[in-house]
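Chain by chain, the residues run as shown.
2 protein chains.
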Amino acid sequence: MRMLYHTHLSPFCRKIRMLMKEKGLEFELVCENPWDRNLSLFALNPAGEVPVLVEENGTVVSGTYAIAEYLEETYPQITLIGTTPGERAEVRRIVDWFDHKFDFEVTQKVLFEKVFKNYFGAGAPDSKAIRDGKNQMMYHLDYIGYLANERYFLAGDNLTLADICAAAHLSALDYLGDVPWDYNAAAHNWYALMKSRPSMRCILIERVRGVRPPVYYENPDF
Amino acid sequence: MRMLYHTHLSPFCRKIRMLMKEKGLEFELVCENPWDRNLSLFALNPAGEVPVLVEENGTVVSGTYAIAEYLEETYPQITLIGTTPGERAEVRRIVDWFDHKFDFEVTQKVLFEKVFKNYFGAGAPDSKAIRDGKNQMMYHLDYIGYLANERYFLAGDNLTLADICAAAHLSALDYLGDVPWDYNAAAHNWYALMKSRPSMRCILIERVRGVRPPVYYENPDF
Numbered sequence: 001m002r003m004l005y006h007t008h009l010s011p012f013c014r015k016i017r018m019l020m021k022e023k024g025l026e027f028e029l030v031c032e033n034p035w036d037r038n039l040s041l042f043a044l045n046p047a048g049e050v051p052v053l054v055e056e057n058g059t060v061v062s063g064t065y066a067i068a069e070y071l072e073e074t075y076p077q078i079t080l081i082g083t084t085p086g087e088r089a090e091v092r093r094i095v096d097w098f099d100h101k102f103d104f105e106v107t108q109k110v111l112f113e114k115v116f117k118n119y120f121g122a123g124a125p126d127s128k129a130i131r132d133g134k135n136q137m138m139y140h141l142d143y144i145g146y147l148a149n150e151r152y153f154l155a156g157d158n159l160t161l162a163d164i165c166a167a168a169h170l171s172a173l174d175y176l177g178d179v180p181w182d183y184n185a186a187a188h189n190w191y192a193l194m195k196s197r198p199s200m201r202c203i204l205i206e207r208v209r210g211v212r213p214p215v216y217y218e219n220p221d222f
Numbered sequence: 001m002r003m004l005y006h007t008h009l010s011p012f013c014r015k016i017r018m019l020m021k022e023k024g025l026e027f028e029l030v031c032e033n034p035w036d037r038n039l040s041l042f043a044l045n046p047a048g049e050v051p052v053l054v055e056e057n058g059t060v061v062s063g064t065y066a067i068a069e070y071l072e073e074t075y076p077q078i079t080l081i082g083t084t085p086g087e088r089a090e091v092r093r094i095v096d097w098f099d100h101k102f103d104f105e106v107t108q109k110v111l112f113e114k115v116f117k118n119y120f121g122a123g124a125p126d127s128k129a130i131r132d133g134k135n136q137m138m139y140h141l142d143y144i145g146y147l148a149n150e151r152y153f154l155a156g157d158n159l160t161l162a163d164i165c166a167a168a169h170l171s172a173l174d175y176l177g178d179v180p181w182d183y184n185a186a187a188h189n190w191y192a193l194m195k196s197r198p199s200m201r202c203i204l205i206e207r208v209r210g211v212r213p214p215v216y217y218e219n220p221d222f
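So the sequences go chain by chain: X and S. Quick note: the first sequence uses the numbering used here, first residue 1, plus one each step. Quick note: the second sequence uses the numbering used here, first residue 1, plus one each step.
Please note that a few of the clues may not be correct.
Unchecked claim - Think about it this way: if two alpha-carbon atoms lie no more than 25 Å apart in a straight line, the pair counts; the simulated DMTMM-like pairs of lysine to aspartate or glutamate are:
{"#": "1", "chain 1": "X", "residue 1": "Lys101", "chain 2": "S", "residue 2": "Asp36"}
{"#": "2", "chain 1": "S", "residue 1": "Lys21", "chain 2": "S", "residue 2": "Glu55"}
{"#": "3", "chain 1": "X", "residue 1": "Lys101", "chain 2": "S", "residue 2": "Asp132"}
{"#": "4", "chain 1": "X", "residue 1": "Lys101", "chain 2": "S", "residue 2": "Glu105"}
{"#": "5", "chain 1": "X", "residue 1": "Lys21", "chain 2": "X", "residue 2": "Glu73"}
{"#": "6", "chain 1": "X", "residue 1": "Lys128", "chain 2": "S", "residue 2": "Asp126"}
{"#": "7", "chain 1": "S", "residue 1": "Lys101", "chain 2": "X", "residue 2": "Glu72"}
{"#": "8", "chain 1": "X", "residue 1": "Lys134", "chain 2": "S", "residue 2": "Glu105"}
{"#": "9", "chain 1": "S", "residue 1": "Lys23", "chain 2": "X", "residue 2": "Glu87"}
Hints in this document: simulated from the structure, not taken from any laboratory.
Chain X extracted, bound-state conformation (with noise of 0.2 Å):
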């Protein structure tokens, strides 16, 4: 059986397991926590990081970047990164901005310091950083919204793979009850349509232990 190697509320896990649900594959999760430091997950990744994905055959790809990359080039029956170049292009860009510039700003400073560095073991959360993340998400939500009111989904007319990307992150940082929905309606709707696919709905019922989601999390209708 193809396995998914993950850890809880990583937005990169997220991004890698809707993407799979989105084109039909079949897979199992196995939780891998990074801060556990287990060799195991070296020996498939020396970056030490997840997801991590193990297929049947033993190929293993590492990364977020390497397995949608793959998996579009392996399972291209359903597509998720467009088809011309000039779509393909635009898919990536918007990818890009949430992987880099949306994890550097927000999700870094909020989910990082609120969560995950209490795992790894570095110290206290920092209130500057937090408060800084939650300031920048504004922008990134009024981008979202411009996008969604310009074209239906980000990256085009068709689900692609830069909204999942973009609800990967966004549905890790409401987890917390950080995303001030009410800043921006149509991001507001762009991420309720989101939450109604069936790809997302199996990252929705999660919980983590110790930290309670708000009662909107779930709900398309929030």
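Use these hints to put chain S onto chain X, whose structure you have.
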């Protein structure tokens, strides 16, 4: 004429420049510094970041991830992301290592603090971060050495985007004299091989105002 918007010393821009040279693609460089916050850059790339590629037919491709994949798909005559799914996954794993892990653990801490922080008017360099980044560089050099010993080039027997990406990051740090080349002989030899490539020489001849590189910076025999 094809144009690449770039800024000096950016590893991400250096990577795309080297990739285009290795693929034999002609282009003109346009210097565009993100800290100037020019509206013309935001019009091309809403992230306000470089690199941005503008093709002669007007196609705009933004960001290192989208540009690298676009070039590989559009100009496949010289392949630099491997041929089989397994090879491609390995190239992308290593690219991700340098563009994310190395960037986060080393480049951001040393290059950003020493050079770009001042350009962005973001305060004085954080000497603890610089020290920390330099310390973390050691295990990355060990990893490069390990791969180079096993494989000739980092992702296999041929030059790929993995080598280009690693060399781009290291070359920017080397400009500041911050790479301890004596530390790992195999990493040193691999970098000497990279330095002798014409794609890299075009980058090494550049100088940034006010910062002089070490005397060995350009020399493949160092």
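Do the hints match the structure? See the list:
{"no.": "1", "hint": "X:Lys101 - S:Asp36", "in the structure": "18 Å, holds"}
{"no.": "2", "hint": "S:Lys21 - S:Glu55", "in the structure": "15 Å, holds"}
{"no.": "3", "hint": "X:Lys101 - S:Asp132", "in the structure": "23 Å, holds"}
{"no.": "4", "hint": "X:Lys101 - S:Glu105", "in the structure": "16 Å, holds"}
{"no.": "5", "hint": "X:Lys21 - X:Glu73", "in the structure": "16 Å, holds"}
{"no.": "6", "hint": "X:Lys128 - S:Asp126", "in the structure": "17 Å, holds"}
{"no.": "7", "hint": "S:Lys101 - X:Glu72", "in the structure": "23 Å, holds"}
{"no.": "8", "hint": "X:Lys134 - S:Glu105", "in the structure": "23 Å, holds"}
{"no.": "9", "hint": "S:Lys23 - X:Glu87", "in the structure": "22 Å, holds"}
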